[in-house]
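Starting from the known structure of chain A, arrange chain B on it as the hints suggest.
Chains as they are written, first to last, in our numbering: chain A, 5 to 295; chain B, 121 to 532.
It is worth saying that the hints were derived from the structure and are not from the lab.
From the three backbone atoms N, C-alpha and C, an ideal C-beta is built for every residue, glycine too.
Don't take each hint at face value.
Said to hold, decoys possible - List of simulated lysine-lysine pairs, DSS-like, C-alpha gap at most 27 Å:
id, chain 1, residue 1, chain 2, residue 2
1, A, Lys61, B, Lys525
2, B, Lys506, B, Lys473
3, B, Lys343, A, Lys132
4, A, Lys132, B, Lys499
5, B, Lys439, B, Lys413
6, B, Lys425, A, Lys61
7, B, Lys425, B, Lys495
8, B, Lys245, B, Lys179
9, B, Lys449, B, Lys439
10, B, Lys470, B, Lys499
11, A, Lys132, B, Lys348
12, B, Lys506, B, Lys294
13, A, Lys61, B, Lys421
14, A, Lys61, B, Lys314
15, B, Lys311, B, Lys343
16, A, Lys61, B, Lys506
17, B, Lys493, A, Lys132
18, B, Lys314, B, Lys261
19, B, Lys422, B, Lys473
20, A, Lys61, B, Lys495
21, B, Lys462, B, Lys531
22, B, Lys425, B, Lys462
23, B, Lys495, A, Lys132
24, B, Lys525, B, Lys473
25, A, Lys61, B, Lys499
26, B, Lys470, B, Lys422
27, B, Lys506, A, Lys132
28, B, Lys462, B, Lys525
29, B, Lys261, B, Lys294
Claimed, not checked - Computed footprint of chain A on chain B; a stretch qualifies when at least three of its residues, placed anywhere within it, have a C-beta under 8 Å from a C-beta of chain A:
id, segment
30, 161 to 175
31, 193 to 205
32, 365 to 372
33, 392 to 399
Stated by the list, open to error - Covered by chain B, per the in silico footprint, the following chain A stretches (three or more residues, Cβ under 8 Å):
id, segment
34, 11 to 24
35, 119 to 130
36, 136 to 150
37, 215 to 221
38, 261 to 267
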Amino acid sequence: MQLMFLLEQVVNGLVLGGYYLLIALGLSLIFSVGGVVNLAHGAFYALGAYISLEIGKRLGFVSAVALSPVVVGMLGVLFERFLLRRFYTADPILSLLVTFGLAMVAEQVIRIVWGAAPLPASIPQELKGAIIIGDFLFSRYRLTLLAIVIVVLAAIWLLLHKTSFGSVVRAGIQRPDMVAALGIRLQPYMTTIVALGVGTAALGGALFAPITIVHPAMGAEIITAAFVVVVIGGLGSFWGVVLAAILVGVVRGVTIHFLPPAGEASMYVLMILVLLLRPRGLLGERIEKFE
Amino acid sequence: MTRIDRRQVLKTGAAFAGGSALGFPAIGRAQANVIKIGHLTPLTGFLGALGAYAQLGLKMAEEEINKAGGVLGRPLEVMSEDSVNPATASTKAQRMLEQNGATVLLGEINSASAKTIMQVAARNKRLFMSIGARSDVLRGKDCNRYTFHVDIPVTVMVNAAGQALLREGLVKGKRIFSITSDYLFGHDLAKAAKNFYAANGGTQVGDELVATDATDFSPYLLKVRQAKPDLVSTNLGGNQVTNFVKQYAEFGLPFPIAGFNLNTADAWAAGEGNLSGIWPTVWHHDLDIPASKTFVADFTKKYGKPPENHAWIEYVTLKIMAQAMAETKSTDTDTLIAYFEKEPQFDLLKARKGYFRSWDHQLMQEAYPFTVKPKGQAKDQWDFLKLGAAVPAADQPLEVLAPTKEQSECKM
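With the rest of the complex left out, here is chain A:
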């Protein structure tokens, strides 16, 4: 019985991994291509949640989840064009300062527009409740979420590995100078990657609004976890982030099973262990421009 309980936590951790993945994947993509740690990533997650509530009031839940990432993705285009672009080759401290500042500005803007009090949000009626498979209990909503995450993941993987767009992006990660020598401008690709990255964060916000509290600081709350997942997975590695997100979800669940107070600390302990054993992260690639 004890073993079944543990197994249930492991399976739940896998599902939770989908959540960490949505917020970390974009952060990793933007870092890999632009060399910029986007500390404003959490702000796009929060905006995704708030905008989804606005759309949801008028057009319903499905439209909210579909359109909110698009709106935030367009904000991402502006963000890249007018701000982030200036910092790819600059001292990294500058981009950290700018994105950190932007995160604070975004949080205040949310506070001014929507108020400091948290906003109510609910799961649509048809997705409420639990499904029991064997002895395991699953939230119907989270299973739906997981399915969406898998589809998004597959789409991004195909985009990066099976299209000419993806080839340029991947080449740009490894040898930007070579790509430039071939006469390809990386900038439009970077704009797309940033829009895609913050769009997935917004999707995370929209999907998690019904089950977590929607308040101005929600972005600041997840950025550290997202950063930890990226570091554990290894920079520049698509599957590294996937693996790390799942690992963080499972380790957290198992920790809570045995030692509940250490639940939130578990991901940091995991990060320290990984960094001690494999400083490049689990599947981190050797990227010339970062060495």
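For chain B alone, coordinates are given in the frame of chain A:
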């Protein structure tokens, strides 16, 4: 492209992600005649939403007092800042007294931050009205002469909701699973809850700690399901309660829930159909008292939404402070303490007036249990809580739910 040092990026990134606890000092206007009041409350973090309501209530009281001519013919000037965390709260409190010329300090919701401000108040021998912090230890073991406590302590919260739980037959002979917030307030609440269940024949089959920054409760919900309790009892703080009830509804677990702490703003944030169970509160906006209704109407007109319990409590506290200064014709700390210790009665916009107990400086006042209205009965998004009758009952002394002098460890 220039070479970027990845290690440096990561190191600095980690420092930034971890160190978001920056505060910005308010710029005080210099005016010789004003009575300055230092106000600290959490505006960010898991209690931030409550702090925002606290500021609105306080601001409204400040404006009303100043419109009526101020206190002792002098205008009040409230300096209000984000207390951020216990360490920052203490630094800011010290600065407000030392550099900004604050006469008294008031505010706080976070019990851990209130504790550090209490130490600053005692060190500087200045008055601190601890408004929204509810830990028993603040008015127990850690009490000091310079601090007065306005909100109900956790023992009262447990007893207020507990009476209702007893009536529903959810305690005696029942198996109870507790989930507790892992900080000062949560631990204190868990202790009071444990004593209550033990005294009334309930058995705790689990008590698990949750970090204050946890947003996902699914592993805990699985453990609840495995334990198959008769009652799920929560000792959570701030927006944790919202996250918990949303996810409890998401998983659709069949066990009844109850909790010993839920602020109205966090209940509103849960969304329709997600909240259930029995909870305590110190005040609610549909309380059927004329003075309370006037306050609610004025607040709603001013801010476009009804006041939350933290808006109410800050409002009445500043009014109490103004009344104390007016009646003693003084802003002197010792004079004010002596005045409050004489146990004068204050209007709290409730059926009964309240007073600060002289030996632990705790405001004695009514509290209320509440449940959730059945689906479809709410008039608007603010109206899904159903307030129970005030406790203690009208024929009982106000002190019956609070720790007695014998139980308390307070020595001033």
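These are the hints, each one checked on the structure:
no.	hint	verdict
1	Lys61/A with Lys525/B	53 Å, violated
2	Lys506/B with Lys473/B	23 Å, holds
3	Lys343/B with Lys132/A	20 Å, holds
4	Lys132/A with Lys499/B	24 Å, holds
5	Lys439/B with Lys413/B	17 Å, holds
6	Lys425/B with Lys61/A	19 Å, holds
7	Lys425/B with Lys495/B	22 Å, holds
8	Lys245/B with Lys179/B	26 Å, holds
9	Lys449/B with Lys439/B	15 Å, holds
10	Lys470/B with Lys499/B	23 Å, holds
11	Lys132/A with Lys348/B	21 Å, holds
12	Lys506/B with Lys294/B	25 Å, holds
13	Lys61/A with Lys421/B	24 Å, holds
14	Lys61/A with Lys314/B	42 Å, violated
15	Lys311/B with Lys343/B	21 Å, holds
16	Lys61/A with Lys506/B	26 Å, holds
17	Lys493/B with Lys132/A	20 Å, holds
18	Lys314/B with Lys261/B	19 Å, holds
19	Lys422/B with Lys473/B	26 Å, holds
20	Lys61/A with Lys495/B	19 Å, holds
21	Lys462/B with Lys531/B	18 Å, holds
22	Lys425/B with Lys462/B	37 Å, violated
23	Lys495/B with Lys132/A	16 Å, holds
24	Lys525/B with Lys473/B	21 Å, holds
25	Lys61/A with Lys499/B	18 Å, holds
26	Lys470/B with Lys422/B	21 Å, holds
27	Lys506/B with Lys132/A	24 Å, holds
28	Lys462/B with Lys525/B	17 Å, holds
29	Lys261/B with Lys294/B	32 Å, violated
30	161 to 175	holds (count 8)
31	193 to 205	violated (count 0)
32	365 to 372	holds (count 6)
33	392 to 399	holds (count 3)
34	11 to 24	holds (count 7)
35	119 to 130	holds (count 9)
36	136 to 150	holds (count 4)
37	215 to 221	holds (count 7)
38	261 to 267	holds (count 4)
In the structure shown, a violation is registered for the earlier hints numbered 1, 14, 22, 29 and 31, in ascending order.
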